[in-house]
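S.K.: These are the residues of each chain, in order.
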Amino acid sequence: MRGKLLAVAAISALAAGPVVAQNKSVKIGFVSTFSGPTAVIGNDMRNSFELALDHLGRKMGGLPVEVIYEDDQQKPEVGVQKTQKLIESDKVDFIVGYIWSNVLLASLKPAVDSKTFLISANAGPSQLAGEQCSPYVFSTSWQNDQTPQAMGLYMNQKGVKSAFLIGPNYAAGKDMLAGLKSTFKGQVIGEEYTKWPDQLDFSAELSKARAAKPDAIFVFYPGAAGVQFLNQYAQMGLKGQIPLYTAFTIDETTLPKQKDLALGVPGAQEWVNDLPNEQNKKFVADYKAKNKSSPSFYGAQAYDAANLINSAVAAVKGDTSKKEDMRKAMEKANFKSVRGGFKYGNNHMPIQNFYLQDVVKQGDDFALKTVATIVENSQDRFHDKCPMK
Amino acid sequence: MLLFIEQCLNGLQVGLLLFLLAAGLTLVFGIMDLVNLAHGSLYMLGAYFAASFAALTDSFVLGALLGLGAMFLVGAGLEVTTLRRLYGRDHLDHVLGTFGLILFFNELVRMVWGPGSLSLPLPSWLNRSIEILPGVPYSAYRFSIIVVALVVALLLYLLVMRTRIGMLIRAGASNREMVGALGVNIQLLYTLVFGLGAVLAGLAGIMQAPILTAHIGMGENILILAFVVIIIGGIGSIRGALVASIFVGLADTVGRAYLPDLLRLFLSPAAASTAGPALSSMLIYVLMAIVLVLRPEGLFPAARR
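Residue numbers (the numbering used here), protein chains in the order written: chain A, 1 to 389; chain B, 1 to 305.
There may be inaccurate statements among the hints.
Claimed, not checked - Computed footprint of chain B on chain A, listed as stretches where at least three residues anywhere in the stretch have a Cβ under 8 angstroms from a Cβ of chain B:
no., segment
1, 33 to 39
2, 202 to 212
3, 231 to 245
Worth flagging that the hints you see were computed from the coordinates, not collected in a lab. The beta-carbon is built from N, C-alpha and C at its ideal position, and this holds for glycine as well.
In isolation and in its complexed conformation, chain A is listed as follows:
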């Protein structure tokens, strides 16, 4: 009797199989760093992505959403393996994430070759905006050069005449310093690249910077390295001596450790936690309630990525085989971004505002706040090199 029942169940499951299997869920692969000193960033992105799914009722276009998280260990060779695994064995519809430009550049080919949509929620290497742009790649962050370009404009406003630049020696570090140089009108009197990610002692570079006597120092040190840099900058007695300007060095993941050292150090960003739009207020408030900490721009970009995917899946009513239609839907950037809306350029990079952010002390806690808009509707400087039809 029991055997019969099982057989019937098996047959009916077989019969139902093909129909259900076609579109039983939206599968999303999420590649980020979940181990090592920069795992805080990956966790912030995951928390925000999960929150976005909660806000969407964990459904897109009427289908349940399944997310597979993979740890790239901040290594390009691991990132590309995980990307291949997600595409080939998990057969995901979308791949999201990527903190590091070098990891993203390594992982690009399997995604583009298999025509799987890849949404970068952080990394924005110049190659991706220019020659290597692809119909299957979108960004919910920025092109690397854009943020330091905004910082360069601000340094011009402040009348900085000469600057010493320090950054890590990898794809994003080179973009960041090049971006700053493209808008900064003063003289660049020194430029140092450090081994990434394992050089954490910047004594040789800081000594050189002090000896060059610049008006200002500009740095790009994301994640834990930002804490280490500010520590050493203060220990050298440079705080108060040579002003520091930054890109991606102070954020909500590093601020609890930088504390006083971050006071008075300006940064540029496309999203700040106090931007006054409804979507953002909801995101920040619910994130704080759920995770007992403040979201960072990494999280905001991951939150936007979930909503961008949702806009595509909703446009095709859950039929994720209609890739052309999904691409057209995403190009409209038709969702409520927590940064208050942006447009896509021809290369699928956001055209957006950049804000000046500053650190404020609230009781015993530190927070970031918007001071001014540095530039409106900034578009990256590589879009005309993109051959996209």
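Given the coordinates of chain A, assemble chain B onto it according to the supplied hints.
M.R.: Chain B in isolation, oriented as in the chain A frame:
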């Protein structure tokens, strides 16, 4: 010229910090004949202990001292419970066993302190720069590392060469059985030596914590450098470790500071700034290769058994 002096100080500081780590490693290896890959984990634990104790007591110095005490207990405890079982075996078993300890300690730290890094804030009297020579400002904290490490090097020398316990340590290194037969408690001696090694590693971690923050995996990177130091210096020789670590520190920092500029003379700026950091990080290993070719035993080989 003044900048050059400053860069040499930077190199000296990096080197002396490395010495503290390498001294413990070479003591344990030379005297107990134990390859201890987990030495880097002790360095990490020192940083975490000091950061926690400093937060608890609100004092950097007190936190550091309590951290050192805790490190001795951890080292002695580790020797009694685990490492003792490895002595009779060959080096490959040591490597396997202590590599397991690295994974164990990394996971332990993740469970106790969480995945994020921990900072150890400096008191204001250290968190500034001082003028050590006219026209040469230098970080007070980095200068204090140089002083502390030199004092420790001196104390270590006195301990090993001029005290009874040092005599026993040296005797135990040359003939373990004979020392035991003469009625010396060699087990206790090994426990003490390993505890001392752990304190030295912990001290290095504690002094590095304000600069680099305490983070998981911080021991692995620097462990490789510490091994390079003891290979250059000669395994088992503290004097060798001191000379070699200063060499390595200077080669690393001064190389990093001047190699890119040197390359810019005959390469394009972009190529120079890419090749510079890559070449300067190879410099240490080139140094090691040269020493290995010329003196395979290291600069100051310990007396053969």
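S.K.: Taking the hints in turn, state whether each one holds.
M.R.: How the hints compare with the structure:
no.: 1; hint: 33 to 39; result: holds (count 4)
no.: 2; hint: 202 to 212; result: holds (count 7)
no.: 3; hint: 231 to 245; result: holds (count 7)
Violation of the numbered hints given earlier is absent; every hint is satisfied by the structure.
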